[in-house]
Amino acid sequence: MKALAAAAVAFALLIALALLAPQWLVFMAMLALAKGVVVLGLVVLMRTGLVSFGQGLYFGIGAYAAALLSHQWHIADAAVMLLAAAAAGGLLAALLGLLLARYRDIFFAMLSLALSMILYGLLVKSAALGSTDGFNLHARTFFGIAFASGMERRVFLIAGSACAVVAALMVHRLLDGHWGRLASAVRDNELRVSYLGASPYRVVYFNYLIAGTLAGLGGALAALAVGHVDPETTYWTTSGEFVFIAILGGTQSIMAPFVAAAIFETLRTIASQYAPNVWQMSLGLAMLAIIMFQPAGLWSLAERWRRSA
Amino acid sequence: MRMSPSFTLRAAVAAFVMLLTVPASLAQQPIKVGIVTLLSGPAAGPFGVPARNAAELTAEMVNAGTVPAPYTQKGFGGTPIELVIIDEAGGPQKQVAEFRNLAPRVDIVIGYISSGDCLAIAPVAEELKKLTILFDCGTPRIFEDASYKYVFRTGPTGTMDNVSVALYLVERNPNVKSIAGINQNYAWGQDSWADFENAMKTLKPGIEVKTSQMPKLFAGQFGAEITTLLGSGAEVIHSSMWGGDLEGLVLQGAPRGLFEKHKVILSAGEPAINRLSTRIPDGTILGARGPFGPFAPDTELARWLKTNYQDRYQVPPNYASFKIAQAILGVKAAYEKAKGAGSAAPDQDKIIAALENLTFEGPGGTVKMSLGKGHQAVMDAAVGTTKVEGGQLKMVDVVRYPAEKVNPPDGVKSEAWIKTGLKK
Amino acid sequence: MSNILPVVFDGIAYGSWLFLMSAGLTLIYGVMRILNVAHGSLYALGAYAACSFAGAWLNGGLPAAGSFGMLLLAAIVVGGLVGPLLERGLLQWMYGKDEVVLVLVTYAVFLIMEDVIKLVWGVDSLLLPEPYALPGNFSLGGLAYPVYNLLLIGMALVTGLALVWALYRTRQGKLLLAVIHDREMSMAMGINVSRFYLATFTVGATLAALGGALTAPTVAVTPGIGVEVIVLAFAVVVIGGLGSLGGAALGALLVGLVRSATVRYWPEAELFSIYAVMAIVLIARPKGLFAVQEARKI
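If you read the sequences in order, they're chains A, B and C. Following our numbering from start to finish, the first sequence increments by one per residue and tops out at 309. Following our numbering from start to finish, the second sequence increments by one per residue and tops out at 1424. Following our numbering from start to finish, the third sequence increments by one per residue and tops out at 2298.
If you are wondering where the hints come from, they were derived from the structure by calculation, not from laboratory data. Where hints are given, some of them may not hold.
When the alpha-carbon atoms are kept at most 30 Å apart in a straight line, the in silico BS3-like pairs for lysine-lysine are as follows [stated by the list, open to error]:
#: 1; chain 1: A; residue 1: 125; chain 2: B; residue 2: 1129
#: 2; chain 1: C; residue 1: 2097; chain 2: B; residue 2: 1216
#: 3; chain 1: B; residue 1: 1201; chain 2: A; residue 2: 125
#: 4; chain 1: B; residue 1: 1129; chain 2: B; residue 2: 1339
#: 5; chain 1: B; residue 1: 1216; chain 2: B; residue 2: 1261
Quick caveat, the model's predicted, so the values are computed rather than measured.
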């Protein structure tokens, strides 16, 4: 019940933000939300002790799936795009998961990285898709309802918020129950899990599936926000950014990915506006500081604040 | 989840208030011009920083009223301009975010070197109704695939770079039979090679393509590629490489005889002159993406930029410097035309109307905003051959091609135009 | 046959370069369990320092042959200063954290170093072509090749053999093997593990810098050169089996040969040939070619 109430409050706040905030803030919130959804999937995966350095694969697939709908088939409905992107991410994950679920540790990370870089290579070679330049996408309706110009991003933000809240609640339900404890057990000691009669492979496979679906959804959300897709979405630095946000937030709460993504976007914008020559350094120092002083992620700060309040 | 709604509420409200208090727009006394150029990464050295330097120089001298005619009026129509410079690094997604943050803070945006950034920014500029001048990116797709009201490009597209070197090559080697290419594996390299290959096939039907090497962008090492080129037997090698990759190609290729065995064309080679100078072997065909740098016409405006830039930064300005100076001066011309004799500052729509189809003078010569419904510039192209004389690299046998000869007519796509015979 | 020869030679030359890059990476991972992203920065630092050192040497009018010595000196100075600085100043506080967190720590270092390099050396490319052009060319299958490539292959061989000798033939090396095998047990036996970590990281850093320094004469040294080698070196090390020196050598050779064959026969595929090799190897052998077997702990 608590979770439901928290989700309702968060959703109400996001709607208020979508309706009232200036355009640039709506955009930033949208991007943070998109990344938050991807990181939420990563957190699910991290519950089993696995970190993917290749979530850009699904992020990119989602973004391109959404963009191709408008580019190739002239379907300009944002809802269709979001659904198609999540489905595309999920399908690919269902396929690659058969292979990847056998891998652990750094090998899982590196193989997922290799797969995302192969997609990157394919996209760069696709002249019809604009190679590294990418192409624009236009969404003009939502479930068939057209919206006034200038309102697009506000509508997308509300739609994105709904997706994110639903996804977060579902993940919460999943991880809070039997499945979450099984996942943690796989992380702690896989061998014991199989001696107890459960299949670690199945746990990893389904969590990978969830992560892929959510990353596909996040990719479409980001593509709708930006209005443009390009192969950079599948590059390893994009995947690295997701891992960074996940560590930044910590894995204890399903709110953490979203808060961490918002902080990350703000941090990067401030750094590149006020320190354009040393924004990478600022980001690196911030990262080190968090790992040094808040090893459990920024969420642990919030927990402490809550307890003292 | 062990979290109370009241806590969530508090945290969210706090975050909301914090974000809202970030200043979104400031009072506008001087005209604020956002400058977006690459300040980090591999393209900062050859393009980004020379562009920023030229922008700062131009803004300063525009404000002081010391630019030659017809730009002698101080500032834009008497109002001083102020630059807000941001880094273009980080890819289109980040740039769209930065643009949305920048747009409310400035009156005009001038920027973008990467074609991917230009393609992503153009629709956003349109959505935000912010006058945006693209100064360097090359892809013709921007105004060929869409049309914009608020977006202009004051630099020529990449189409004419490769058409002009193909014309130049065929005029000098009418019997050329085979070509090969080495281009960076990304949109610019692929498009440049496709334009060159198609132009050569149009000009010399039946020409043989021996190999098209596409090394990864910023790979820097081309040992195996050079071996393949050396063994290919092609007469001509085309490359649109730039920056460190181009320098690497020359440093690794020259000692192995790549430039002696083959006629080498560097279609965007001009910025490398300042870096490599006499290390570029004699007889290399060089382009500058327009009449810039050593190809600039001998006008007072060109001398103004060359002298002042050299004095301040101890190197000659390259094409990126020319193109951003040209963008700023183009906006100045439009602003002053829109303002007319009146004293009131013109609104954005008036400036846009003035800039559409405008013909103005830049340090590289005459700029005509004649493509993309008056939003895309064309200029003459220039190609030359390198020759070391008295320890100095000189451009000899320089040929200028009129803009109409190396650019498609308005409304015709570059790719189709090249394939169907390069007709006026 | 004359077609194959250049392909093989280019592959070996590229493989040697890759090996220099990956040897340090696999060593550090083998001992310290750190997948060091900052390896790329150390590579870049080595290249920049080489340009400064050898440039100063040549500008001083000293004999050009000495510039080779300057390349080595640059690598030793960078490795000897920055290596211990990173290990003592930062990494030693991070031991015991999750491997992924350690990757992020070194990624942060990498981001910081990118800007530091930019602040020190600027964004313009640096050129140091003299050592590359000096030894001249030799001919193979009718094509000209730089002798410098032979030097590179020689350096890779010497480095590899020296590492094997140091690890398996010296007392310190054998102690290090003990640390790799069982850290806790080694500590209990009185081995000063922390000192071995410092030494390993310094050697690894020096190898990265050496790779950079030896590459500097062949390329234009530009901002961002470090990024390009990280993933390459990662791929090689993973293909070979993390922590295995022989694996890194074989991985480097394999990637080098595949790349030069792709460039020759199927240039469109060059972009992802390396990742394809990595994916195929991992699918066939999930822990790389020479996986280090680990005991299953229940």
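Hints and how they fare:
1. A:125 / B:1129: Not OK: residue 125 (chain A) and residue 1129 (chain B) at ~34 Å, beyond 30 Å, violated.
2. C:2097 / B:1216: violated, 35 Å
3. B:1201 / A:125: holds, 22 Å
4. B:1129 / B:1339: holds, 20 Å
5. B:1216 / B:1261: holds, 24 Å
The structure is inconsistent with the numbered hints 1, 2, although it conforms to all the rest.
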